[in-house]
Amino acid sequence: MAYVAEKKNPLIVFFKYAVAVILTLLFVFPFYNMLVISLNDSADLVNGYPFFFPRVFSLKNYEAVFQSPLLGRAFLLSIARTVLSTILCLFFTGMLAYVLTRRNLLGKRFFNMLFIATMYVGGGLVPTYIQYRDLGLVNNFLVFVIPSALSVYYMIVMKSYFAGIPDSLEDAAKIDGCNDFSIYVRIYIPVSIPVFAAIGVYTAVGSWNSWWDNYIFANTQDLTTLQLLLVRMIKEADVVTTMGGGSMTNPAFANPMGVRMATTMVATVPILLVYPFFQRYFISGMTIGAVKE
Amino acid sequence: MKAKSGMGMQKILHSINQNKILYLMLIPCVVWIVLFAYVPMYGLLMAFKDYNPMLGVWDSPWVGLKHFEAFFNKDFWRVMRNTLLISGGNLLIGFPAPVFFALLISSLGQKHIRKTMQSLSYVPYFVSWVVVSSMCFLFFAPESGYINAFLRTVGITEGIGFLEDGPLFIVMMVLTNVWKGTGFSAIIYFSAITGVDAQLYEAAMIDGATPMQRIWHITIPSIMPTILVMLVLAISGILNAGFEQQMVMGNSMVWDWAEVIDTYSYRFGLSKLRYSYGTAIGLFKSVVALILLLGSNAIVKKKTGYSLYR
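From first to last, the protein sequence lines are chains A and B.
The letter at position 224 of the first sequence is residue 224 when you use the working numbering, and the numbering goes up by one with no holes.
The letter at position 203 of the second sequence is residue 203 when you use the working numbering, and the numbering goes up by one with no holes.
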């Protein structure tokens, strides 16, 4: 291997690193700043928001958030919708991908078309709303999980992954008396963990972050998830009412920004916590889809 | 399919019987796609009718193109202006930004610094628009936002209405969108850049090419297929100027500028209960999107030989 040592202009190298560091700070500093404000005493925020460190440290904002009668429910709903929709989406999308990659399936091309066509033409928002209403999904928790139980796009990604699994695995299992369903559950799911994990991360993050399905299809107090609660808090100046009354005397309500930022952190931190563990999966998810398509 | 035309009924039945578990597994998926994709597609008929919930889609009276005419005669220009300004800005800044970012980060020598910067840059993609909006108030709010507070300390008391002034709000939409998406969109370019044959660089170095020349003559041509595919997708999505972003960040002061085609369809179709009108707007949008997708793909294919579909 030929290798040519090259003189680097130190000025250019410095400049490159400087730009890269500034850009990276631009991406993450706002999160840190929100944390700082949420940890600052609420009444003190009148003097301007602290930038790098809390001026007057206080956990009162978080106290107010966790005392809110609505927040606990919203948090549990967010968790429930995220977990359920991810499991359902992975199971059914994988099942469809499995069926559509079998060799001897009569009508395979027709079924392929039936699903893939829906990526290019769709009903749009209003007909979808009317259909959800007719199915009884409006103002029903199931609207968070059933319409997302299958994804044609992810089905294509999974199909391309399943195509790389040797048929001999299926044949051997059939000789042992397994039927197609148990082959899917006992063999295909375990050997496809990377692709399931990647798609699972995207589905889970999407479900956790989603608020507009909540806003449009299930806009009731009982079904308010964390994100919609936060939307209300941003849109309405009256934070005390949004949080369901609670302890009106809590000093945290002196300035709504403190409570707002604390709630924002509660909505963000779960994602940032799982982020390092799942990072490699979502990158692989991007490339699995991109390489094969 | 052609090969099977010679098969008798007997054989078809036998084949279905052989795979009956596969068909059983297919049933829930087919039911789902019919209920959640094909029935709403049938609902598109509403765009040509005056939908009456009492009568249902089929029995509501036909009105031809009335709703489309109403849209074109009234709000079309304003909504299209906003949609095209926002997605034009997204395309103009948001499309090249991840390419530059990926080129810049990949050119850094230190591997762990490169990796760290890369992973930090995706973080904004994984938080919701609600969180981004909450963040924007900190920086851009009229009184207390950092920028206006800073301007006051240097003597400019007349604050800038980032979130109150219509045209400025469009700039804010574009900037927040670029901020949120750049790191994530760069992933695809990072992996393309990693895939470039190292021998090409070595050969160029022997020939005395400067780092800039190597990027221009090797890296960029090598990742061009990826760039073009992303461009086709970006152009076909030009009417997707956002929905959540406007709904959560917009307010009555900027609504004349924040209104894009999706929010318009929602506000008229569902908030104001003009179901048929909202459906017509949605249909108009998906027809244009399909034409743009096929058109931009055909142009790129003709010019370069790359295609999204084979």
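Source of the hints: derived by calculation from the structure; they are not laboratory data.
Heads up, a few of these hints could be off.
Unchecked claim - List of simulated lysine-lysine pairs, DSSO-like, C-alpha gap at most 27 Å:
id : chain 1 : residue 1 : chain 2 : residue 2
1  : B       : Lys111    : A       : Lys16
2  : B       : Lys302    : B       : Lys66
3  : A       : Lys8      : A       : Lys108
4  : B       : Lys11     : A       : Lys174
5  : B       : Lys302    : B       : Lys74
6  : B       : Lys66     : B       : Lys301
7  : A       : Lys174    : A       : Lys159
8  : A       : Lys174    : B       : Lys301
9  : B       : Lys285    : B       : Lys272
10 : B       : Lys115    : A       : Lys16
11 : A       : Lys159    : B       : Lys272
12 : B       : Lys302    : B       : Lys285
13 : A       : Lys108    : B       : Lys11
14 : B       : Lys115    : A       : Lys159
15 : A       : Lys159    : A       : Lys108
16 : B       : Lys20     : A       : Lys108
17 : B       : Lys272    : A       : Lys8
18 : A       : Lys8      : B       : Lys285
19 : B       : Lys66     : A       : Lys235
Said to hold, decoys possible - Some residues of chain A that are not near chain B, with every Cβ distance over 10 Å (derived):
id : residue
20 : Val28
21 : Tyr129
22 : Leu223
23 : Lys235
24 : Arg260
25 : Pro276
Quantities reported herein were computed from a predicted structural model and do not represent experimental measurements.
Where is the CB? At the ideal position from N, CA and C, for every residue including glycine.
Verification of the supplied hints:
no. : hint                   : result
1   : Lys111(B) to Lys16(A)  : holds (14 Å)
2   : Lys302(B) to Lys66(B)  : violated (38 Å)
3   : Lys8(A) to Lys108(A)   : violated (58 Å)
4   : Lys11(B) to Lys174(A)  : holds (21 Å)
5   : Lys302(B) to Lys74(B)  : violated (38 Å)
6   : Lys66(B) to Lys301(B)  : violated (38 Å)
7   : Lys174(A) to Lys159(A) : holds (20 Å)
8   : Lys174(A) to Lys301(B) : violated (44 Å)
9   : Lys285(B) to Lys272(B) : holds (19 Å)
10  : Lys115(B) to Lys16(A)  : holds (15 Å)
11  : Lys159(A) to Lys272(B) : violated (42 Å)
12  : Lys302(B) to Lys285(B) : holds (26 Å)
13  : Lys108(A) to Lys11(B)  : holds (16 Å)
14  : Lys115(B) to Lys159(A) : violated (30 Å)
15  : Lys159(A) to Lys108(A) : holds (13 Å)
16  : Lys20(B) to Lys108(A)  : holds (14 Å)
17  : Lys272(B) to Lys8(A)   : violated (63 Å)
18  : Lys8(A) to Lys285(B)   : violated (52 Å)
19  : Lys66(B) to Lys235(A)  : violated (35 Å)
20  : Val28                  : violated (5 Å)
21  : Tyr129                 : violated (6 Å)
22  : Leu223                 : holds (16 Å)
23  : Lys235                 : violated (8 Å)
24  : Arg260                 : violated (6 Å)
25  : Pro276                 : violated (8 Å)
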